[in-house]
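There are 4 protein chains.
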Amino acid sequence: MHELIQRIRDFNRERDWEQFHSPKNLAMCLAAEVGELLEQFQWLTEQQSRNLPPERRAAVDEEIGDVTICLLNLADKLGIDPLDAAGRKLEKNKLKYPVHKAKGRADKYTELG
Amino acid sequence: MHELIQRIRDFNRERDWEQFHSPKNLAMCLAAEVGELLEQFQWLTEQQSRNLPPERRAAVDEEIGDVTICLLNLADKLGIDPLDAAGRKLEKNKLKYPVHKAKGRADKYTELG
Amino acid sequence: MHELIQRIRDFNRERDWEQFHSPKNLAMCLAAEVGELLEQFQWLTEQQSRNLPPERRAAVDEEIGDVTICLLNLADKLGIDPLDAAGRKLEKNKLKYPVHKAKGRADKYTELG
Amino acid sequence: MHELIQRIRDFNRERDWEQFHSPKNLAMCLAAEVGELLEQFQWLTEQQSRNLPPERRAAVDEEIGDVTICLLNLADKLGIDPLDAAGRKLEKNKLKYPVHKAKGRADKYTELG
Numbered sequence: 819m820h821e822l823i824q825r826i827r828d829f830n831r832e833r834d835w836e837q838f839h840s841p842k843n844l845a846m847c848l849a850a851e852v853g854e855l856l857e858q859f860q861w862l863t864e865q866q867s868r869n870l871p872p873e874r875r876a877a878v879d880e881e882i883g884d885v886t887i888c889l890l891n892l893a894d895k896l897g898i899d900p901l902d903a904a905g906r907k908l909e910k911n912k913l914k915y916p917v918h919k920a921k922g923r924a925d926k927y928t929e930l931g
Numbered sequence: 819m820h821e822l823i824q825r826i827r828d829f830n831r832e833r834d835w836e837q838f839h840s841p842k843n844l845a846m847c848l849a850a851e852v853g854e855l856l857e858q859f860q861w862l863t864e865q866q867s868r869n870l871p872p873e874r875r876a877a878v879d880e881e882i883g884d885v886t887i888c889l890l891n892l893a894d895k896l897g898i899d900p901l902d903a904a905g906r907k908l909e910k911n912k913l914k915y916p917v918h919k920a921k922g923r924a925d926k927y928t929e930l931g
Numbered sequence: 819m820h821e822l823i824q825r826i827r828d829f830n831r832e833r834d835w836e837q838f839h840s841p842k843n844l845a846m847c848l849a850a851e852v853g854e855l856l857e858q859f860q861w862l863t864e865q866q867s868r869n870l871p872p873e874r875r876a877a878v879d880e881e882i883g884d885v886t887i888c889l890l891n892l893a894d895k896l897g898i899d900p901l902d903a904a905g906r907k908l909e910k911n912k913l914k915y916p917v918h919k920a921k922g923r924a925d926k927y928t929e930l931g
Numbered sequence: 819m820h821e822l823i824q825r826i827r828d829f830n831r832e833r834d835w836e837q838f839h840s841p842k843n844l845a846m847c848l849a850a851e852v853g854e855l856l857e858q859f860q861w862l863t864e865q866q867s868r869n870l871p872p873e874r875r876a877a878v879d880e881e882i883g884d885v886t887i888c889l890l891n892l893a894d895k896l897g898i899d900p901l902d903a904a905g906r907k908l909e910k911n912k913l914k915y916p917v918h919k920a921k922g923r924a925d926k927y928t929e930l931g
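Chains as they are written, first to last, in the numbering used here: chain A, 819 to 931; chain B, 819 to 931; chain C, 819 to 931; chain D, 819 to 931.
Heads up, some of the hints might be wrong.
Identical copies look the same in the list; a pair holds intra-copy or inter-copy alike.
[Stated by the list, open to error] Below, simulated EDC-like cross-link-like pairs (lysine to aspartate or glutamate); rule was C-alpha separation at most 16 Å, straight line: (1) 919 x 864; (2) 914 x 864; (3) 919 x 821; (4) 914 x 832; (5) 914 x 894; (6) 895 x 836; (7) 921 x 821; (8) 921 x 894; (9) 895 x 828; (10) 919 x 880; (11) 921 x 828; (12) 921 x 864; (13) 914 x 821; (14) 910 x 894; (15) 919 x 873; (16) 921 x 834; (17) 912 x 894; (18) 921 x 832; (19) 910 x 864; (20) 921 x 880; (21) 921 x 854.
Treat the hints as calculated values from the structure; they're not laboratory data.
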C-alpha cells in the first residue's frame, strides 16, 4: 500500500494537482467515484451482481480502482492509515452489534428515522 | 490488508450477515458511508478541512474506517484486489492525463456535459 | 414549489446560514442526504423496497424531505428551476434512448467502462 | 410538477423500464446522478461555484435535471409528494435547530462522530 501511495503522490505532483487536493475536495472526489460504481450496479438484480459478465466486471474493476485511489489520496492528506482506521472501527462495531442481538438481522444495522 | 479482510469475513460470518452482502448491496453501503464522510466536510472551508480540530478528526477517522471496511468487503466478494485495481487505473490515468496537457489544470480532469 | 422555496430562504436567513450555502457546499449536502436515503434501502430486497412497513416508510419520507430541501436550496442559489431542468433533460433522454433501441433493456442505459 | 411526473411515467412505460424501477434501484440511480453533479463542483472553489461560466452552468443544469427526474420517479413509486415531505421536514428542522442556538453556527448542524 505504501508503494501505491507514493505512486499516487508522484502522479499528483507531476501534474501540479496538489493545489486542488484539500481533504474537502478529495471527499467530494471519492463520492463522485462511488457514484460511478453505483451506476454499474443500479439496474442489476442482487443475483446478477454476484455473477458479473466479463465486460461489466472490467468496468467495476476500474471504478474500484478509482475509489481506492481517491480514498488513499484523502487518507494520505489527513495522515490517517485507512487499514488502521478500519481495524479500530471493526472493534467498535463488535461492541455496537453484539452477535446475540445482531445475528441474521439486517434491521439491527440500519437505524430508522 | 489480508489479515483485515479475514477479520471482516469473521465479523460478518459470526453475525450471519453474508446473506445481505451481495455486491449490489455493498456498493450501496459504501455510498451511504461516503455520505457520512461528506457530512463531516460539507460546511468546512477547504482550509479548515486541512486543519481539523481533534474531535472532527476523530469523527473523520471513524468514517474513513467505515468506508474502508465497505470497500474491502465489496472487493473481497468480487475477488478484486483493490490495490491492484488502483495500480492498474493509475497507469490508465497517466495516459488519459499526460503531464504536458494536464499540468496545473483542474478543468482537464472534469468532463463537461 | 415557490412558496416552499420562500420558506427555505426564510429558514436559512433566520439562522444566518446563507454564508455556508455556496453551490459547492449545497451539492455536498445533497449527496450526504442521499446517502442517508440509501441507508434506508441498502439491506432490503427490491421487493421489500416496494412494500415498506410504516416505520421504514416514515423514515424514507423524512429523507426524501431532506433531499428535496437540499435540491431546492441548491437550484435556488443557481437560479435554476429544477422542474424546467428536468423537462429539458427528459427531452434529451428521448433522443438518447429511442424506444426501438431501449425497450426493455436496462443495459441500454448504463454505459460500460 | 404533476404534468412532469406524468411525462416521466410515459417515458418509462414506452421503454418498458418500469420493471427495473424498484424504489431500491431508483435510490441508487438518484445517488449515481448526484455523484455526477458533485463531479461538476469538486475542483471549484466555493467562490467559483457561485459564478459558473456558461459551459459549466449548462452541465450543472443537466445534472440537476437528472437528479430531479430520479427524485420524482422514486417519490412517485412510493406515493410520496416530495414537496409535502420537504415541508414536513422543514417544520421538524425548525424545532431541531432553534434560531437562538443555531444562528451563524455551521457546527450546530453537523453531528460529530
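Quick rundown of the hints versus the structure:
| no. | hint | verdict |
| --- | --- | --- |
| 1 | 919 x 864 | neither (26 Å within a copy, 25 Å between copies) |
| 2 | 914 x 864 | neither (27 Å within a copy, 27 Å between copies) |
| 3 | 919 x 821 | neither (41 Å within a copy, 26 Å between copies) |
| 4 | 914 x 832 | between (44 Å within a copy, 14 Å between copies) |
| 5 | 914 x 894 | neither (28 Å within a copy, 23 Å between copies) |
| 6 | 895 x 836 | within (10 Å within a copy, 29 Å between copies) |
| 7 | 921 x 821 | neither (39 Å within a copy, 23 Å between copies) |
| 8 | 921 x 894 | neither (35 Å within a copy, 21 Å between copies) |
| 9 | 895 x 828 | within (14 Å within a copy, 31 Å between copies) |
| 10 | 919 x 880 | neither (37 Å within a copy, 23 Å between copies) |
| 11 | 921 x 828 | between (45 Å within a copy, 13 Å between copies) |
| 12 | 921 x 864 | neither (21 Å within a copy, 22 Å between copies) |
| 13 | 914 x 821 | neither (34 Å within a copy, 22 Å between copies) |
| 14 | 910 x 894 | neither (23 Å within a copy, 21 Å between copies) |
| 15 | 919 x 873 | neither (40 Å within a copy, 20 Å between copies) |
| 16 | 921 x 834 | between (49 Å within a copy, 6 Å between copies) |
| 17 | 912 x 894 | neither (27 Å within a copy, 20 Å between copies) |
| 18 | 921 x 832 | between (50 Å within a copy, 7 Å between copies) |
| 19 | 910 x 864 | neither (28 Å within a copy, 30 Å between copies) |
| 20 | 921 x 880 | neither (34 Å within a copy, 23 Å between copies) |
| 21 | 921 x 854 | neither (32 Å within a copy, 23 Å between copies) |
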